[in-house]
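Student: Each chain is listed here by its residues.
Protein chains: 2
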Amino acid sequence: MAVGPATLPTFEPISGFRLGTASAGIKTPGRLDLVVMELSETASVAGVFTRNAFCAAPVTLSKKHLAAGQPRYLLTNTGNANAGTGAEGMADASGCCAKLAELVGMKPEQVLPFSTGVIGEKLPVERIYAALPAAVEALSENGWEDAASGILTTDTRPKGASCSLELNGQAVCISGISKGAGMIRPNMATMLAYVATDAKVEQADLQALLSEVAERTFNRVTIDGDTSTNDSCMLVATGASGVACAPGHPEWDQFAEAVESVLRELAQAIVRDGEGATKFVSIEVNGALDSAEALKVAYAIAHSPLVKTALFASDPNWGRILAAVGYAGVEQLDLEALKIFLGDVCIVENGGRAADYTEEQGQAVMNQEDILIRVELARGEVSETVWTTDLSKDYVTINADYRS
Amino acid sequence: MAVGPATLPTFEPISGFRLGTASAGIKTPGRLDLVVMELSETASVAGVFTRNAFCAAPVTLSKKHLAAGQPRYLLTNTGNANAGTGAEGMADASGCCAKLAELVGMKPEQVLPFSTGVIGEKLPVERIYAALPAAVEALSENGWEDAASGILTTDTRPKGASCSLELNGQAVCISGISKGAGMIRPNMATMLAYVATDAKVEQADLQALLSEVAERTFNRVTIDGDTSTNDSCMLVATGASGVACAPGHPEWDQFAEAVESVLRELAQAIVRDGEGATKFVSIEVNGALDSAEALKVAYAIAHSPLVKTALFASDPNWGRILAAVGYAGVEQLDLEALKIFLGDVCIVENGGRAADYTEEQGQAVMNQEDILIRVELARGEVSETVWTTDLSKDYVTINADYRS
Numbered sequence: 004m005a006v007g008p009a010t011l012p013t014f015e016p017i018s019g020f021r022l023g024t025a026s027a028g029i030k031t032p033g034r035l036d037l038v039v040m041e042l043s044e045t046a047s048v049a050g051v052f053t054r055n056a057f058c059a060a061p062v063t064l065s066k067k068h069l070a071a072g073q074p075r076y077l078l079t080n081t082g083n084a085n086a087g088t089g090a091e092g093m094a095d096a097s098g099c100c101a102k103l104a105e106l107v108g109m110k111p112e113q114v115l116p117f118s119t120g121v122i123g124e125k126l127p128v129e130r131i132y133a134a135l136p137a138a139v140e141a142l143s144e145n146g147w148e149d150a151a152s153g154i155l156t157t158d159t160r161p162k163g164a165s166c167s168l169e170l171n172g173q174a175v176c177i178s179g180i181s182k183g184a185g186m187i188r189p190n191m192a193t194m195l196a197y198v199a200t201d202a203k204v205e206q207a208d209l210q211a212l213l214s215e216v217a218e219r220t221f222n223r224v225t226i227d228g229d230t231s232t233n234d235s236c237m238l239v240a241t242g243a244s245g246v247a248c249a250p251g252h253p254e255w256d257q258f259a260e261a262v263e264s265v266l267r268e269l270a271q272a273i274v275r276d277g278e279g280a281t282k283f284v285s286i287e288v289n290g291a292l293d294s295a296e297a298l299k300v301a302y303a304i305a306h307s308p309l310v311k312t313a314l315f316a317s318d319p320n321w322g323r324i325l326a327a328v329g330y331a332g333v334e335q336l337d338l339e340a341l342k343i344f345l346g347d348v349c350i351v352e353n354g355g356r357a358a359d360y361t362e363e364q365g366q367a368v369m370n371q372e373d374i375l376i377r378v379e380l381a382r383g384e385v386s387e388t389v390w391t392t393d394l395s396k397d398y399v400t401i402n403a404d405y406r407s
Numbered sequence: 004m005a006v007g008p009a010t011l012p013t014f015e016p017i018s019g020f021r022l023g024t025a026s027a028g029i030k031t032p033g034r035l036d037l038v039v040m041e042l043s044e045t046a047s048v049a050g051v052f053t054r055n056a057f058c059a060a061p062v063t064l065s066k067k068h069l070a071a072g073q074p075r076y077l078l079t080n081t082g083n084a085n086a087g088t089g090a091e092g093m094a095d096a097s098g099c100c101a102k103l104a105e106l107v108g109m110k111p112e113q114v115l116p117f118s119t120g121v122i123g124e125k126l127p128v129e130r131i132y133a134a135l136p137a138a139v140e141a142l143s144e145n146g147w148e149d150a151a152s153g154i155l156t157t158d159t160r161p162k163g164a165s166c167s168l169e170l171n172g173q174a175v176c177i178s179g180i181s182k183g184a185g186m187i188r189p190n191m192a193t194m195l196a197y198v199a200t201d202a203k204v205e206q207a208d209l210q211a212l213l214s215e216v217a218e219r220t221f222n223r224v225t226i227d228g229d230t231s232t233n234d235s236c237m238l239v240a241t242g243a244s245g246v247a248c249a250p251g252h253p254e255w256d257q258f259a260e261a262v263e264s265v266l267r268e269l270a271q272a273i274v275r276d277g278e279g280a281t282k283f284v285s286i287e288v289n290g291a292l293d294s295a296e297a298l299k300v301a302y303a304i305a306h307s308p309l310v311k312t313a314l315f316a317s318d319p320n321w322g323r324i325l326a327a328v329g330y331a332g333v334e335q336l337d338l339e340a341l342k343i344f345l346g347d348v349c350i351v352e353n354g355g356r357a358a359d360y361t362e363e364q365g366q367a368v369m370n371q372e373d374i375l376i377r378v379e380l381a382r383g384e385v386s387e388t389v390w391t392t393d394l395s396k397d398y399v400t401i402n403a404d405y406r407s
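Protein chains in written order, with our numbering: chain A, 4 to 407; chain B, 4 to 407.
These aren't lab readings, by the way, just hints derived from the structure by calculation. Only a predicted model underlies this, so the values are computations on that prediction, with no experimental measurement involved. Glycine included, C-beta positions come from ideal geometry on N, C-alpha and C. Do not rely on the hints blindly, as some may be mistaken.
[What the hints assert, rightly or not] Restricting the straight-line Cα-Cα distance to at most 27 Å, the calculated cross-link-like pairs of lysine-lysine (DSS-like) are: (1) Lys396/B x Lys396/A; (2) Lys396/B x Lys342/B; (3) Lys102/B x Lys299/A; (4) Lys125/A x Lys67/A; (5) Lys110/A x Lys66/A; (6) Lys125/A x Lys203/A; (7) Lys396/A x Lys342/A; (8) Lys102/A x Lys67/A; (9) Lys66/A x Lys30/B; (10) Lys342/A x Lys396/B; (11) Lys342/A x Lys342/B; (12) Lys125/A x Lys102/B; (13) Lys30/A x Lys102/A; (14) Lys30/B x Lys125/B; (15) Lys102/B x Lys125/B.
[Unchecked claim] Pulled a few chain A residues facing chain B out of the computed Cβ check, cut under 10 Å: (16) Ser43; (17) Ala56; (18) Gly92; (19) Ala137; (20) Gln210; (21) Leu309; (22) Ala327; (23) Arg356; (24) Leu394.
Isolated chain A, as found in the complex (with noise of 0.2 Å):
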């Protein structure tokens, strides 16, 4: 299941990015499973992390190679995170990155590994390596649509943004894949996401944006609360285009903004394939205090089983809701002062349910595919948003029925 409609968009190709994917049989024969990312040799690039402290061996190295320098190639694959997987996992990721180095005439670290998939089984490496030269074969500027469905796992469908904006009259071209459907509560970053653009953007600014923007957009995603050992997000920007785009340049806000929608919609798509999802439901809290408290109220509807169940039945069932609201651990909420709302709907003030109050309107919120539950603190100034799915019976059958 999966909520909304599942089209790709037609990628605008970045000029220095090219994609090829291979099919390596690293968990299911024939499906594609290795992705490899070429950047030209004038590209930032900048990345973000999954704070989990078991993070996998592909995430140790590939941070360590980013530090390094000017990395090349990102190289990913599915079917195995490589993740607690000790000596061995490192050594692993480290001979994948060599092999790819050796076929393209780079250095081991201007490789930066990912890998995604079931935890704490050894990687196939020599599958991989067996794959590595059709995937540089395939690398193409149009070879975006194949990664997206390269780097899947219980996903779906594959996930893609595209846009282009006019900076100064001069046209630049952002374009991104991510994936993810289970184990998502990014923590820094999400599951794997790359997003690539043809402006020219100086490192240290590019990782400065990226962090900023992936806290407003992939860290405000929640399906099951389980933060991953290998999320990754990665931004390239090539220069191709010769657009250079700085922080006080007047167009930096413009494109600041284009990178955040192309990752709101890349997270966002994470959220709408969640595992076993029927609802797309968004939790706003407004009138927090500071940001902290408003992400613990929104967390704690968010990851509500109750919450969660009751909207995979669209059922109105608001008490959970209140519930949520006064266990999320904000001391001396003003119970009075505070109001619900489903979609435009008042359902929760003056400590109980509103007075106007139907069980028809209610309905008729619930049984839409995107939900807005809003929560009016009435305390302070500070909103914050974040996007989650139901729990549904598919989710715990996805989750028990097989090993992911």
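For chain A, the structure is supplied; the task is to place chain B on it using the hints.
Tutor: Below, chain B without anything else, positioned relative to chain A:
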């Protein structure tokens, strides 16, 4: 579904504590749903209550009446939580206290009200008023079994614990009942539990004992992470045995341990009857620097939908446990020193799968109904244990198909 045998113990009657149960037809015609408990004039009473900010009207009123001095009656209805009901809910709870007080010739503030059931619907007070005489009529020291049924909601079976012990050559009895199957992550107490003893204990000592013991029993169980609006746990000491117990007395520790064992049994019974439960899971975290970080790790595992669905599937998917430990938020975890065990089987050491581990070993543990997950943090000396259940298809069915 539920885990383990469904038998109630033989309840030791507690002299000075009588229970009467009746059917008020609050939600389901004919079922036992109204319980009156009568305390002797000499009884001491202690209580712990939910910390949910949206606590229900009866919780607010019980706290007030308990503080006022000498409670003589506990009045419980199931089928309606009288929570999220605003000023009207408070008036309804007060009305029930007044009605019972009138019947038995007491003051309204000598009655403590408790409600459990659906949130946000008006309490049908007329039905309760009509059934009160029958409940008072039924009062008996042998009324434990009926009362154990009369407080249930989505529970599949009644829960009780009882013991007698000799203190300084004299007999003392402790009996108790509890209920709760969903919206269970008590914070200060769980859903509803009532424990009585004929020991003689000063109110302040009794309250201190209950607060301490509830922290290690009811506050260590979680089914779905949802802290209810109505959690209440009451401990009554009638003093009818004539055996005085106080901190500092040689027999106090023995008494306190007996009280704790009754509360632990009642708390664990709630987990064993968790909504859709097929497993009873103990999560033991050792070697923590402090209690807070031990609990962070334990609850990260206990609340992970991915760990819980793997438990439901009896799948030794240890990578999900490792991931939960990794995102629990403990700073500077030493991944090399950390170990994770399933039962007696070491599954994680040296940052990855234990060298000796085989899938068969993990499967043998997961096939059991009672499962121990043990994490050795190797940072300090503090241990904590929490108890939880799996996440089954039935959990979703129960909470999606019925308004509870």
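Student: Need the status of pair Lys342/A, Lys396/B: alpha-carbon distance at most 27 Å?
Tutor: 33 Å, violated
Student: Holds or violated: are the alpha carbons of Lys125/A and Lys102/B at most 27 Å from each other?
Tutor: 69 Å, violated
Student: Does Arg356/A pass the interface check with chain B, least Cβ-Cβ distance below 10 Å?
Tutor: Result: holds, 5 Å to nearest chain B Cβ.
Student: Would the stated hint for Ser43/A survive a check requiring a Cβ distance to chain B of less than 10 Å?
Tutor: Interface hint status for Ser43/A: violated (35 Å vs cutoff 10 Å).
Student: Could you grab the alpha-carbon distance between Lys102/B and Lys125/B and see if it respects the 27 Å cut-off?
Tutor: 17 Å, holds
Student: Straight-line Cα separation of Lys102/A and Lys67/A no greater than 27 Å?
Tutor: 18 Å, holds
Student: Given the hint that Lys396/A pairs with Lys342/A, does the C-alpha gap stay at or below 27 Å?
Tutor: Not satisfied, since the Cα-Cα distance of roughly 31 Å exceeds 27 Å.
Student: Restraint: Gln210/A near chain B, CB-CB cut 10 Å. Satisfied or not?
Tutor: With a closest approach of 23 Å, the Gln210/A hint is violated.
Student: For a C-alpha distance cap of 27 Å, please report whether Lys66/A and Lys30/B respect it.
Tutor: 58 Å, violated
Student: For the pair supplied as a hint, Lys30/A and Lys102/A, confirm whether the alpha-carbon distance does not exceed 27 Å.
Tutor: At roughly 20 Å apart (the allowed maximum being 27 Å), Lys102/A and Lys30/A satisfy the hint.
Student: Is the shortest C-beta separation between Ala327/A and chain B less than 10 Å?
Tutor: 7 Å, holds
Student: Is the Cα-Cα distance between Lys342/A and Lys342/B 27 Å or less?
Tutor: The given pair, whose Cα atoms are some 46 Å apart, is violated under the 27 Å limit.
The structure is inconsistent with the numbered hints 2, 3, 6, 7, 9, 10, 11, 12, 16, 19 and 20, although it conforms to all the rest.
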